[in-house]
Structure formats: structure tokens, C-alpha cells
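**Q** Here is how the chains run, residue by residue.
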Amino acid sequence: MADLGIAGVALALFGGAIRASTPFLFVSLGECLTELSGRINLGLEGTLVCGAMSAYGAALLSGSPWLGVLAAALVGALLGALHAGLCSLARVNDIAVGIALMVLGTGLAFFFGKPLIQPRAPMLPALPLCPGCHFAPLRAALDINPLFLIGVALAFVLHWGLANTRPGLVLRTAGDSGAAARAMGYAPLLVRLWATMAGGALAGIGGAFLSLYYPGSWNEGLSSGQGLIAVALVIFARWRPLACLFASLLFGAAGALGPALQSIGVHQGTYLFNAAPYALTLAIMIATASPRGALAGAPAELAVTR
Amino acid sequence: MSLGPSLSRRTLLGMSGGLAAGAFVSSRRARAASALEIGFLYVGARDDYGYNQAHAEGAAAVKAMPGVKVLEEERIPETIDVVKSMDSMIELDDAALLFPTSFGYYNPFVLQEARKYPKVQFRHCGGLWTEKDPKNAGSYFGYIDECQYLSGIVAGHVSKSKKLGFVAAKPIPQVLRNINAFTLGAQRVDATITTTVIFTGDWSLPVKEAEATNALADQGIDVVTCHVDSPKVTIQTAEGRGLYTCGYHVDQAPLAPKGYLTGAEWNWATVYRGFVADRQAGKPLANFVRGGLREGIVKTSPYGAMVPAAARAQADAVKAKLVAGDYVIFKGPVADNTGKEVIAAGVDHGQTDLWLEKMDWLAAGVIGKT
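Heads up: the protein sequence lines correspond to chains A and B, in order.
Numbered per our numbering, the first sequence spans residues 1 to 306.
Numbered per our numbering, the second sequence spans residues 1001 to 1370.
Keep in mind that the hints are not guaranteed to be accurate.
As a list, the in silico DSS-like pairs of lysine-lysine whose alpha-carbon atoms are at most 30 Å apart [unchecked claim]:
1. K114(A) - K1319(B)
2. K114(A) - K1160(B)
3. K1331(B) - K1319(B)
4. K1063(B) - K1116(B)
5. K114(A) - K1283(B)
6. K114(A) - K1119(B)
7. K1160(B) - K1258(B)
8. K1160(B) - K1299(B)
9. K1132(B) - K1319(B)
10. K1283(B) - K1258(B)
11. K1063(B) - K114(A)
12. K1163(B) - K114(A)
13. K1163(B) - K1132(B)
14. K1331(B) - K1163(B)
15. K1283(B) - K1119(B)
Some chain A residues near chain B, calculated using beta-carbon distances under 8 Å [claimed, not checked]:
16. I6
17. A10
18. L11
19. H134
20. P137
21. G216
22. S217
23. G221
24. S224
25. G225
26. S263
27. I264
28. H267
29. G269
Calculated from the structure, these hints are not laboratory results.
A quick note: this is a predicted structure, and the numbers were derived from the prediction, not measured.
Here a beta-carbon is modelled for each residue, glycine too, at the ideal position from N, C-alpha and C.
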């Protein structure tokens, strides 16, 4: 086989963007919905891990990976409902509840996931987009999981739906002004309940991708903070679903950078390249921070002073 | 008032508990004295297809011995948490022999506990005990590079691209020794073989391990092995990409029926049963236990069906010599991958040579940097 060299790095970044971006994509789209309704759910890291565990367990017991995805979505929605329910009470801070849920979700997942570390669950299938490619690395990079395609489609659907449909308008109204939503005849708490449940379900599906496709096994180090990064992604995607898609692809690729450079023999700054996703988060946050006023595009109900 | 460092919260609790329920505590202690209580502490899950599972299999062998009670605790971070776990095994369960199995537990946590509880024996996995450390502590380790060398021979026969891959956690001596042994084994078959190393940066990073395996596959590498806590992700990803694999820690053949060639496995049962038997017989425990194939502390996975006869024959011949104790893996001349000679011609570094436990170089033919 030909020595790929630098072209191999480009290919690895491309492949990495597709392989590793899906959890970021689902969690950030979910968080985008939740935040647009006027609530922050920081607990999505816990939801992601819990979703990964439930998906693995359900797939193992039922023999069907798609039932696993469904179970992850249900568990995610339940955790979302718990968050929304608690936050509906007077004087409850959504950020604190989110942090508590993060710990709860990971703890539950570790507890119930104990017997799931060793067994092998059925995996989600890959769609070979280029089965005739003679070039193995390209063929492998183009083995795409259906969940990735669903996530991409969802980003476009949300982009359109938030701007052009009544539920989209209601969601944004509840996020920008609870009073206005009430004046329109919608209960903001109910809107936020649905939005948080939908966000939790999407994060759960992101977890299912981790345990049932890539890397494709359940263990306790599976997420290593991807749910948290995805929440940060939403802020610099400025609450726009399509921007969430591009940010997720960028982060998937950034994660592939360190291993890819080492594979062609570039060993300078290994640790720096391995830290690329985190450094990138910081860099983009700094670059987009504004010294004056609130972030453009931020739902007004998210403001600390309202 | 501040409590001195020697008077911990647990000691205080134990004292007040003793006042309140002295009769109960003393009867429990008397009962516990009949069986030897042994504690195993793991850094991860016990069934991880890897490092911790290898130790748990050893603990299971101890459980089968008469007159012992085995305590196990999983997922203990390499922080002050391990001190709390050791304290509770000693104070609450009267453990007399502890095996804190993870490398990072030793300094300062095991040393600190060994000074605090001079009657309790601590044996730590790794090569860290020295004469200066407490006599009730000790370390044990296996020469698993012997098995990596044999894996390398098999990989060298099977590889068509003559490019091997190694997914490694951190550039510490044990890991470097495995990488070098694997490469030297393969180079016995064909001197032009190279091994590309990718360091992920930590012991358990599933997504990064999967990315590393994919990156190796993209470069045309066709045999992959690893040194991380759980090889499950690497082996499964490599199997998915159609690569051959050599396992590590325990047998991963069930994870990769098409590509699993062989693997380097621990056989901790030998070490643990030895320590426990000595303790039961009232003999002093050794502070420094080492061994390889010859002592039965490491073993190789059975060959996969795809391993050709020539590879089996050569690996078996070398294995027989290693078992007999007359084979040297690190035999001069050996150059590192910057071109510097690290072992001069005519110099042999046998397995027991402590120089090997300070390894900080990668052999010629390894693409990577420590």
C-alpha cells in the first residue's frame, strides 16, 4: 500500500470528523433546543453516559441495537423530565440542578453498567457509502453510521423548523420572554419541559452512538467529558443548529489530529495535539467573547439578571 | 484543636465506636482472626478485558485457597482515595495482606500506609520497591516483554506491509520495554520491519484508542497491539478494519475471531498464591518478586488459526529457550531510533537486569518518540 503521509492526516481528520462528531452533534442539538426554551441543562454529560449504558444493556438483552437507541432516548427523556420538573419549582436554579443530574446520571450508569463491561452487545450497522472504493482508508472513512446522517438531517430540520413553524416560534418565545409566551397563551414551564425532554432524548441517542458504534463498547471512561464540551459548543454555535453541526465536525476532526500526526511520525507536541479539542474550546470562547453586553443570539431568559 | 497526622478521623471513629460497642467489636475481631483477610484494590472495573481483569483472575485463584477471605474494591483512583480504601480494609475488615494493584498507588500512598500499619503486609504491582522503603511493603512484576517478543515474532511472519502498530498509553519504562521487545521480535523475522507507536496520553481513553487504531490502519499498518488498561476497544476496532492483532493483559481472542494472532498475558495467580501460602505458613514475605515465562508469571494466548506453521515453529523455539532461561532479548548491539548505540556489541542485559527497568529509549525501527 502507498505511503499516505500528510494526505493520510487529511484523510484521518476527514474520517475523524465523521466518526467522532456524532455524540457532539446530538448533545449540542439537544442542548440547543433546551437553551432556546430558556433553560440550561448542564447535566447532559450524565445523560450521555446513562444513554450509552442503557443502549448497551438494552441492545444486549433484546439483541437489537435499534431498540438500544430507543432505550437511550427514553432514559434521556426521563432525565430531561426530571431536570425540567425540578426547575419548575420556585427558586430552583437550573445550573445547580444540571450539575446534580450530571453526577446522578454518571453514578446510575456506573452502578447499573457493572455487569455490562465484559459482554458484547450487537453493534449498529455502518452504511458503506463507497463499497467499491479500492483504497481501504477512504472506504473505511466513508463507512458512515445512520445516526450521523440522522443527526445531520436533524440539524437542517431544526434550522428550518425554529424559524418557520409555530412550535419553533413558541419555543423561541418561551426562551426570550416567559411573559410574552404566557400572553400568547402558552405555559413556558410546559414548553421548557418538552424542550428539556427532547434535549435529554437527543443526548441519550448520542450516548447510544458511543456504546453501540464508535468506539463501540461500554466502559466507565467512555465519554471522558464529551457531553460537557458539547454544551460549550452550543454557546459558540450561537444557538444555531447548523453552526452546531459544523462545530461538531470541527471537534471530531480535532480529536483525530493527535493520533493521526503520530501515525506519520510527527511527535513534536503530542500532548498539545491531544489537547486540541480543549484548547480549541478555550480559543473559540475567547475569540467570540464580547466585552460589552450579552452574547448575540443568546435567549434572554438565560441571562442571570432578568 | 488540630488532630495530628497520625490520628485520623477513622481512628477517632474507631475509638468512639469501641467505647460504645466494645463487646461487638471484640467478638467480630475474634471471628475474623480465623481466616486470613486479603485485600485487592483495582484502579478500574474488574472485568475490563485488561489490566484489572488479569489481577481479578489472580484474586479468584486466591479465593479458591482454604482459610482465606478475599476483599475486593474496584475503580479506586490513584489519589488519596486509595488511602481511604486501604484504611477501611485494615481497620474495618482486619486485612493482613493488601495488594494495591495500580502503578500510581505506590508513592506516596502505599508507603504512607506501610509506615502507619507496620503489622500489615503491602505488595504492590510494579517495580518500585527499593531497600530504603518499609520492610512490610514490596513489589512484584512480570517480564511480560518476553511474551511481547514472541508476539512480535508472530506479527513479523504475518505482516505483509512490514509495518506494525502499537497503541500505548504513556512513555514509561514498562511500556517502552514492551514496544522494544515487540519490535525486536518482529525484526528477528525481517530486519526491515518498523513499529509505529501512538501514545494516547492516559490508561483508559476509549475514543482516542479507537482513533489511534484507525490512524494506524490508514497508514497501511496490518498488525496492531497495545499497552493500555483495556485493550478491548483497540482489538475490536482493529478487527473491524480487517487488521491482525496481538493481545495484552488477558486473552482477547473472543473479541477478534478473524484477526487475533496471539497475546501477552499475565498469570498473577502464581504470585498471589505464593504470597498467601508464605503468609499462612508464617514465613516472611519476599519484598521483591519478579519472573517471566520460566516462573509462570506470564503466559501467551493460544495461536489463532491463521498463524502459519513457520511462525509457530519459530516462536515456540524461542519460547522454549525463554522457559529454560537461556535466551536474552536485549542483546547487543542495539541502537535506538535516533541512531545512538544503547547496548554495545557483546553486552547482554538479561531479564533480571535492573537497567532494563529504567528504559527510556525506543529501538531502531520504532517510529515514535519517548
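**Q** Any hints this thing doesn't respect? Which numbers, in order?
**A** Failing hints, ascending: 1, 2, 5, 6, 9, 10, 12, 13, 16, 17, 19, 25, 29.
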